[in-house]
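Visitor: Protein chains in written order, with the numbering used here: chain A, 750 to 836; chain B, 96 to 344.
Just so you know, the hints here were simulated from the structure itself, not pulled from any lab data. Please note that the accuracy of each hint is not assured.
Taking lysine-lysine pairs in the BS3-like style, the calculated list, with each CA pair at most 27 Å apart, reads [as the list claims (entries may be wrong)]: (1) B:Lys105 <-> A:Lys779; (2) A:Lys779 <-> B:Lys238; (3) A:Lys792 <-> B:Lys105.
Partial list, computed: chain A residues near chain B (C-beta under 8 Å) [unchecked claim]: (4) Lys757; (5) Val758; (6) Trp800; (7) Ile819; (8) Phe825; (9) Tyr830; (10) Glu835.
Computed from a prediction, not measured in an experiment: that's the story for all the values here. Note that the Cβ used here is the ideal one computed from N, Cα and C, for glycine as well.
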Amino acid sequence: MYKLEIEKVIEEIKQRKATQVLIQLPDGLKPKANVIIDSIESKTDAKAFLWLTDCFGACDLPLGLDILKIDLMIQFGHNRYWKDKEW
Amino acid sequence: MTEIVFIDAKWEGIISLEDKLKNYLQKNKISSIALFASVQFSDADNFIKELEKINIKVYITKAKRTSKPMQILGCDAYHNSFHEDIISKSDAILYLGDGYFHPKALLLAQIKGQKIKPVIMWNPISKTLEILDEKIILEQMKKYKRNLKMFINAKSIGILVTIKPGQNYLMTAKRLKEFLEKQGKKAYIFIDNNLDLRHLENYPFIDAWVNTACPRIGTDDIVNIKQPLINIKEAGNPVKALEELEFRK
Chain A
750 MYKLEIEKVI
760 EEIKQRKATQ
770 VLIQLPDGLK
780 PKANVIIDSI
790 ESKTDAKAFL
800 WLTDCFGACD
810 LPLGLDILKI
820 DLMIQFGHNR
830 YWKDKEW
Chain B
96 MTEIVFIDAK
106 WEGIISLEDK
116 LKNYLQKNKI
126 SSIALFASVQ
136 FSDADNFIKE
146 LEKINIKVYI
156 TKAKRTSKPM
166 QILGCDAYHN
176 SFHEDIISKS
186 DAILYLGDGY
196 FHPKALLLAQ
206 IKGQKIKPVI
216 MWNPISKTLE
226 ILDEKIILEQ
236 MKKYKRNLKM
246 FINAKSIGIL
256 VTIKPGQNYL
266 MTAKRLKEFL
276 EKQGKKAYIF
286 IDNNLDLRHL
296 ENYPFIDAWV
306 NTACPRIGTD
316 DIVNIKQPLI
326 NIKEAGNPVK
336 ALEELEFRK
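The shape of chain B in the complex, shown without the other chains:
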């Protein structure tokens, strides 16, 4: 049996509170922060002390699928993905890292709430500040609502399952197939490694698709395909999922 070892590949530098970020926080009168980072930037003790020195309260929590507090993964994108709801009780969300994949999860985790707090992104390497707000997920949310409506009316459903060990939910897919067929729908389970959505067009008898693998396939990738696709979490009760999103234009 093959053994597995992970190497974090942490950033070699030291994260410090640069004037650009300090000025932004002070100008916007931010007195508390929900702090998240990708694993490469999760050694931030010095940075936290500097925030506390300027009287900013720093909240940290552990996301469900991560190994350490403060770390965020792309799949921790649900309101209940965190041990403690530090997003609601903080003035602002601060993310340390580069790229949009991880901080976008922090926006997606808020979609059921009335207001989506933007994410202040600080890149410790380029020392740049960027504000990521709900605009980046609006198109996805619109498409997701349309997909839920189409799924509710669909008669023939395709359920996608990956063989990737960390994303494999075959048992859940089989339960969903049984559940859907009890409702008079027909369901087919499709298995692959990488779920390349371009292949969906080869199955014209499918009215709507359910993704059981990485939940970001059901948010980020749906804007690139015309077939309706929803995530497994919403497939059990799509009407409720639609109601929860209906207020969002």
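In isolation and in its complexed conformation, chain A is listed as follows:
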């Protein structure tokens, strides 16, 4: 029902030569997680992982991914967010 844009996902992974990718999904898309992971693993050499829980918006990105050597994080269902400046 929603466009998963798998081709774009594959292209981004290949273009960036990403080796480890984390996928973060809002609840409505979580049931499709296997489709995304299976596509990545069959069409690229990257290892793909899923963020288990929250995905409140583009303001809510997982931290500490460097520790796991994840070089690309793909968040679905949102677009770039412009944070208010500190005051």
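Given chain A, put chain B in place with the hints provided.
Guide: Just chain B, lined up with the frame of chain A:
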């Protein structure tokens, strides 16, 4: 460093002006509309043309934190959240999408005004029409006024900060602590990832709380807790914030 990519996950269908919505707009003599959508439904060129064909003027603006015009986020919930005030100049507000989180922001953005225009919600998937009016935010507003009063009289304040990159305001929290302590209050800064308000009860020495993360924590979530909590935007001048809401019963 981890790179980040966003996938909009747009709806696969085409949004069109169905009779149910068309009849509602015509029956209510609506001649201009402030149009908003969640990102999944923000490709609405065809729908806009159909509205214009029945002589409805469509106004679109960009909300501050979004990437594209017409899109609305839950945090764009202030009267100055938009580049242009299209809500005031339109007969009605129309939201394309599902769920209440985003359209509720459009009601919250109007709370300082005399009248809160309802939001006409059109769900393009289920093709259902729903009117979201101020009733859905009344309890929150009442509680917020009570929280402001309690914050003004509080001596010990807890300031909540998240580590989420898009909601992190530690510097602002530190400034607020300094500001409050100059007024003779005592302030403590608490840091976490998800701000689960159930944990507030573990700190009985705090009289009132300030949220610096997602502003919807200070509106939607306060009805579920007994501790008074306000948002950072009102913490600098809570008396003014209270005056601005006082006329609203």
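Visitor: Glu835 (chain A) was flagged as interface toward chain B. Is the shortest Cβ-Cβ separation under 8 Å?
Guide: This hint holds: Glu835 (chain A) lies near chain B, its Cβ roughly 4 Å from the closest one there, short of 8 Å.
Visitor: Should the hint that Trp800 (chain A) touches chain B count as held when the rule is a Cβ pair under 8 Å?
Guide: Because about 12 Å separates Trp800 (chain A) from the closest Cβ in chain B, which is outside the 8 Å limit, the hint is violated.
Visitor: Let's test the interface hint: is any C-beta of chain B closer than 8 Å to that of Ile819 (chain A)?
Guide: For Ile819 (chain A), the interface hint holds, since the closest Cβ of chain B sits about 5 Å away, which is under 8 Å.
Visitor: Below or equal to 27 Å on CA atoms is what counts here, so check Lys792 (chain A) against Lys105 (chain B).
Guide: holds (23 Å)
Visitor: CA of Lys779 (chain A) to CA of Lys238 (chain B), is that 27 Å or under?
Guide: Measuring from Cα to Cα gives roughly 34 Å; hence the hint is violated.
Visitor: Does Lys757 (chain A) pass the interface hint, meaning its C-beta sits closer than 8 Å to a C-beta of chain B?
Guide: Cβ of Lys757 (chain A) sits 7 Å from chain B, so the hint holds.
Visitor: Closer than 8 Å between Cβ atoms is the bar; does Phe825 (chain A) clear it against chain B? Give me holds or violated.
Guide: Holds. Min distance 5 Å.
Visitor: Verify the proposed pairing of Lys105 (chain B) with Lys779 (chain A), using a straight-line Cα cut of 27 Å.
Guide: Given pair Lys105 (chain B), Lys779 (chain A) holds - Cα atoms ~15 Å apart, limit 27 Å.
Visitor: Is the shortest C-beta separation between Tyr830 (chain A) and chain B less than 8 Å?
Guide: holds (5 Å)
Visitor: Would you check whether Val758 (chain A) satisfies its interface hint, that is, whether its CB is within less than 8 Å of any CB in chain B?
Guide: Because about 6 Å separates Val758 (chain A) from the closest Cβ in chain B, which is inside the 8 Å limit, the hint holds.
Hints 2, 6, counting from the list given before, are not met by this structure.
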